[in-house]
Amino acid sequence: MTTTAPLVSLQAPKDVSLDDIEGELRAIWQQNNISEEGINATRASTFTLVIYEPEPIQALLSALGFYTGPIDGISGGRTTAAIKAAQKAYGLAETGYSSVDFTQKLREEVIKERESGIKSLYHAIDLAPDMAGAAIADAIALANPCRIVTISPTTESDEGVKVQVSAYCPVQKSASSTLVCCEYITLRGTTDALERIGGLITELVIPELPKFLWWKASPEPDFALFQRLANQSRAIIVDSSNFIHPAEDLLEVSKMIDAGMPIADLNWLRLASWLELTAQAFDPIERRPMIKEVDQVIVDYERGNLSQALMYLGWLASRLQWQAVSFKHEGGDYDLIKITFKSELKENIEAELAAIPLGEPGEILGDLISLRLGSSNTEADCTTVLCSSTRGCMRMEAGGGAQSGYIQQVSSMADQKTEKLIGQQLQRSSGDLLYNETLKVVQEILSLRY
Amino acid sequence: MATLMENPLRVGLRQERTPEPQILVIFGASGDLTMRKLVPALYQMKKERRLPPEMTIVGVARRPWSDDYFREQMRQGIEDFSDGIGNQELWQDFAAGLFYCSADMDKQEDYQKLKALLEEIDGKRGTRGNRVFYLAVSPNFFVPALKNLGAAEMLKDPLKSRIVIEKPFGRDLSSAQSLNRVVQKVCKEEQVYRIDHYLGKETVQNLMVFRFANAIFEPIWNRQFIDHVQITVAETVGVEDRAGYYESSGALRDMVQNHLLQLLCLTGMEPPNVLTPDTLRTEKVKVLQALRLADLDNIENCSVRAQYGSGWMRGKPVDGYRQEPGVKEGSTTPSYVAMKLLIDNWRWQGVPFYLRTGKRLPKRVTEIAIQFREVPLLIFQSVAHQNNVNILSMRIQPNEGISLRFEAKMPGADLRSRTVEMDFSYGSSFGVNTSDAYHRLLLDCMLGDQTLFTRADEVEEAWRVVTPLIMNWDSPALQDQVSQYEAGTWGPSRAEWLINQDNRRWRRL
Numbered sequence: 001m002t003t004t005a006p007l008v009s010l011q012a013p014k015d016v017s018l019d020d021i022e023g024e025l026r027a028i029w030q031q032n033n034i035s036e037e038g039i040n041a042t043r044a045s046t047f048t049l050v051i052y053e054p055e056p057i058q059a060l061l062s063a064l065g066f067y068t069g070p071i072d073g074i075s076g077g078r079t080t081a082a083i084k085a086a087q088k089a090y091g092l093a094e095t096g097y098s099s100v101d102f103t104q105k106l107r108e109e110v111i112k113e114r115e116s117g118i119k120s121l122y123h124a125i126d127l128a129p130d131m132a133g134a135a136i137a138d139a140i141a142l143a144n145p146c147r148i149v150t151i152s153p154t155t156e157s158d159e160g161v162k163v164q165v166s167a168y169c170p171v172q173k174s175a176s177s178t179l180v181c182c183e184y185i186t187l188r189g190t191t192d193a194l195e196r197i198g199g200l201i202t203e204l205v206i207p208e209l210p211k212f213l214w215w216k217a218s219p220e221p222d223f224a225l226f227q228r229l230a231n232q233s234r235a236i237i238v239d240s241s242n243f244i245h246p247a248e249d250l251l252e253v254s255k256m257i258d259a260g261m262p263i264a265d266l267n268w269l270r271l272a273s274w275l276e277l278t279a280q281a282f283d284p285i286e287r288r289p290m291i292k293e294v295d296q297v298i299v300d301y302e303r304g305n306l307s308q309a310l311m312y313l314g315w316l317a318s319r320l321q322w323q324a325v326s327f328k329h330e331g332g333d334y335d336l337i338k339i340t341f342k343s344e345l346k347e348n349i350e351a352e353l354a355a356i357p358l359g360e361p362g363e364i365l366g367d368l369i370s371l372r373l374g375s376s377n378t379e380a381d382c383t384t385v386l387c388s389s390t391r392g393c394m395r396m397e398a399g400g401g402a403q404s405g406y407i408q409q410v411s412s413m414a415d416q417k418t419e420k421l422i423g424q425q426l427q428r429s430s431g432d433l434l435y436n437e438t439l440k441v442v443q444e445i446l447s448l449r450y
Numbered sequence: 001m002a003t004l005m006e007n008p009l010r011v012g013l014r015q016e017r018t019p020e021p022q023i024l025v026i027f028g029a030s031g032d033l034t035m036r037k038l039v040p041a042l043y044q045m046k047k048e049r050r051l052p053p054e055m056t057i058v059g060v061a062r063r064p065w066s067d068d069y070f071r072e073q074m075r076q077g078i079e080d081f082s083d084g085i086g087n088q089e090l091w092q093d094f095a096a097g098l099f100y101c102s103a104d105m106d107k108q109e110d111y112q113k114l115k116a117l118l119e120e121i122d123g124k125r126g127t128r129g130n131r132v133f134y135l136a137v138s139p140n141f142f143v144p145a146l147k148n149l150g151a152a153e154m155l156k157d158p159l160k161s162r163i164v165i166e167k168p169f170g171r172d173l174s175s176a177q178s179l180n181r182v183v184q185k186v187c188k189e190e191q192v193y194r195i196d197h198y199l200g201k202e203t204v205q206n207l208m209v210f211r212f213a214n215a216i217f218e219p220i221w222n223r224q225f226i227d228h229v230q231i232t233v234a235e236t237v238g239v240e241d242r243a244g245y246y247e248s249s250g251a252l253r254d255m256v257q258n259h260l261l262q263l264l265c266l267t268g269m270e271p272p273n274v275l276t277p278d279t280l281r282t283e284k285v286k287v288l289q290a291l292r293l294a295d296l297d298n299i300e301n302c303s304v305r306a307q308y309g310s311g312w313m314r315g316k317p318v319d320g321y322r323q324e325p326g327v328k329e330g331s332t333t334p335s336y337v338a339m340k341l342l343i344d345n346w347r348w349q350g351v352p353f354y355l356r357t358g359k360r361l362p363k364r365v366t367e368i369a370i371q372f373r374e375v376p377l378l379i380f381q382s383v384a385h386q387n388n389v390n391i392l393s394m395r396i397q398p399n400e401g402i403s404l405r406f407e408a409k410m411p412g413a414d415l416r417s418r419t420v421e422m423d424f425s426y427g428s429s430f431g432v433n434t435s436d437a438y439h440r441l442l443l444d445c446m447l448g449d450q451t452l453f454t455r456a457d458e459v460e461e462a463w464r465v466v467t468p469l470i471m472n473w474d475s476p477a478l479q480d481q482v483s484q485y486e487a488g489t490w491g492p493s494r495a496e497w498l499i500n501q502d503n504r505r506w507r508r509l
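Chains A and B supply the protein sequences, listed in that same order. For the first sequence, counting from 1, position 235 maps to 235 in my numbering; every step adds exactly one. For the second sequence, counting from 1, position 286 maps to 286 in my numbering; every step adds exactly one.
One or more hints might be untrue.
[Unchecked claim] For each label pair, taking beta carbons as the anchor points, the in silico distance ranges come out as:
id: 1; chain 1: B; residue 1: V274; chain 2: A; residue 2: A89; range: 38 to 44 Å
id: 2; chain 1: A; residue 1: T178; chain 2: B; residue 2: Q481; range: 55 to 61 Å
id: 3; chain 1: B; residue 1: N273; chain 2: A; residue 2: Q104; range: 45 to 51 Å
It is worth saying that the hints were derived from the structure and are not from the lab. Where a beta carbon is used, it is the ideal one built from N, C-alpha and C, also for glycine.
Only chain A is shown next, with the shape it has when bound in the complex (with noise of 0.2 Å):
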């Protein structure tokens, strides 16, 4: 698979009115294909990305001149270049990620451009700070979707809707001449102006192809705009880890995969590993009787959100046919969480989840650093302890872990970025059976709770 293709910009980001977003497109593909010194380019016929994106670093840092790319909810290396060149304007550390108080930052230097009227140095300049990072395709051009249409809800007065269209291409390793497109389409706007102008949203999907909608913000299946993007998406893409209320959050998702909505989480696919390092414990022919003789389940993450550790331990369940008996949240320095089970050979399975406080917690919240399985039946040879790399084992080599039958280290895939996951996803054409039946068992163990 290419992991980086080169970017064409076919038409950088250019403002339209809301009337004239097809023409605006059509006169794109009629320059370069009718005359002879145009680029040899079409648009792909693949599949269309809706991505909701209330986070507003893009359209901040665009509005103070550090970033001149397409306003589209991806974060690529063109707004990674920028997060550094903005970070390193004002004094910050050069991390390229964004954080709360980067973003607050942001936001004051916005303030103070509109209050004194005087533009930043990048517009002055006509630099572009983020063309460090512009000429590589992210992941997700690399899957060549059709049309990339960003919703971005503003938190400013409502002033209608502001819309911008461009135009880029990967340039991927076949032989064909021509260059396969997608088309950028940015729509900002309060909720309510976005709300008003759904129906035009709705058509500007490109009928007969799939589409795809990522929500990247808690699920809100009462939501008008919600309902009208996840109609008839081939999946909604959403990411516990960035849950505001985990817990909640994937009930409410629970209760939509019931209702049949084809819901596909990235932070599942972040399981990944320690899924198949968990079932290779058990690969061996000696071991594969003693899965039946596991009743305790110990998971530590990373505090700040329980969602892999509660689909970790739902997927562990639903594979060996547990029922969620009771839930008790203790609380205390690790914010504990126990949960008992039942099965049909054993009458007590506790499980157990640990938040543990991080001093430096990665981009991604709440990441699995550990698990333990062992059994009440000291003979049976079924101890498994998994432990990322880069936290370490400590914690669940205590209490005689380190002697266990089966340790194996795992390398967490934290560090991949969520638009490598993205592009993954986009290549299922089917939902994941697994996934679903994971949510159901959550939804059990969660409701227990309420």
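On the provided structure of chain A, position chain B as indicated by the hints.
Structure of chain B alone, referenced to chain A:
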């Protein structure tokens, strides 16, 4: 091996790569291949949730069957040749996607009828115009089928239509070339999938992973360290009831040109840059281009053909090849072939590749054995006073796995060495039974991945390599010119002589 309890954690874990909704049109649907291999493999995939819900299969053959009769036949096939139906609901769902069209492969009108049926099914089942045409028919029908499909414009869209062709692909170099020309006139190379079912085997694909996912083997995989390579494909069965086909092909066309040369390619190829279909197949073509018979001036010195005579298999007497039903009087079709090949490139210059394949050999085994050079200086005495070398043997089937033979110290007071084996076996490491080759190949066809299929130039080069033998062995010969070996033994004495003259021995397996 006793039935293994399935690992419940594994179920559904590998969820990637589901094919798009499409129609699989199988020509020759009333035949053996469809009932024994294709439809059971598809049903297995359905059980494993790897098929899209819109998947549709249309069987095409001359017999005037109905949709329901076809479904019954396929159900029988799955019961007899696979794990059985299992869940009744699942079968109903699968059967709802099975259709039948009675058509004569020579008639143009019948293709129009088929085209109309497919378009109707597109609407009903939502298969979006994607088509895979599978030619599970005798080779005489390849050309008319291709020409008619082309005339009916059913292969026009390179992204939405594909054609899968079973072996044999041609009878010799010129027929393979002309078949390729027909194919190219009708569709693009990227739409063609030529099946060599050996490439679908787990162990054969493992060859690539073994060589290129491990850093330690590649540095010794060349003429500096390897003495020779033996590739053996031994069958215990005789010609059985396939004499009609076998008489005109023989072991050379049936086994060597396709399966053994593919195994040789995978053993001898250079590491590809990326794992894309074309780069991989280009590497295989490179090896084939440098491959030749060891002694082109005297091919009797580097090749042996033989037939099995009457003998004993498992305590029962069996007939010789010439006594089998359907075999011509005085037939010279070889049921056993052994040959010595050389590869003229930097990596392999001077390393002989010994290939042998035959029917009615003592054991059913497919193996690639790489024998390494001897130690420069032997400082240990072997307990058995043998001169033992390192042999890396990759067992393709049965007992799939890889083993490395090396010398270890014999426990005791003396410092003496003894041969031991370091063994990896699929059964005990993975605890799964390796799935049928067709399973993987069908999935790849439907996904559009050509990696495990042979390319036009690959097929032609393989024919080029065996052409001297074909020309020599096809010409009329006296009965006695074809050696005989007793059924149940490892081959004729000439085959022993072939390798012994180089001071080497065939492996006793």
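These are the hints, each one checked on the structure:
| no. | hint | result |
| --- | --- | --- |
| 1 | V274(B) to A89(A): 38 to 44 Å | holds (40 Å) |
| 2 | T178(A) to Q481(B): 55 to 61 Å | holds (59 Å) |
| 3 | N273(B) to Q104(A): 45 to 51 Å | holds (47 Å) |
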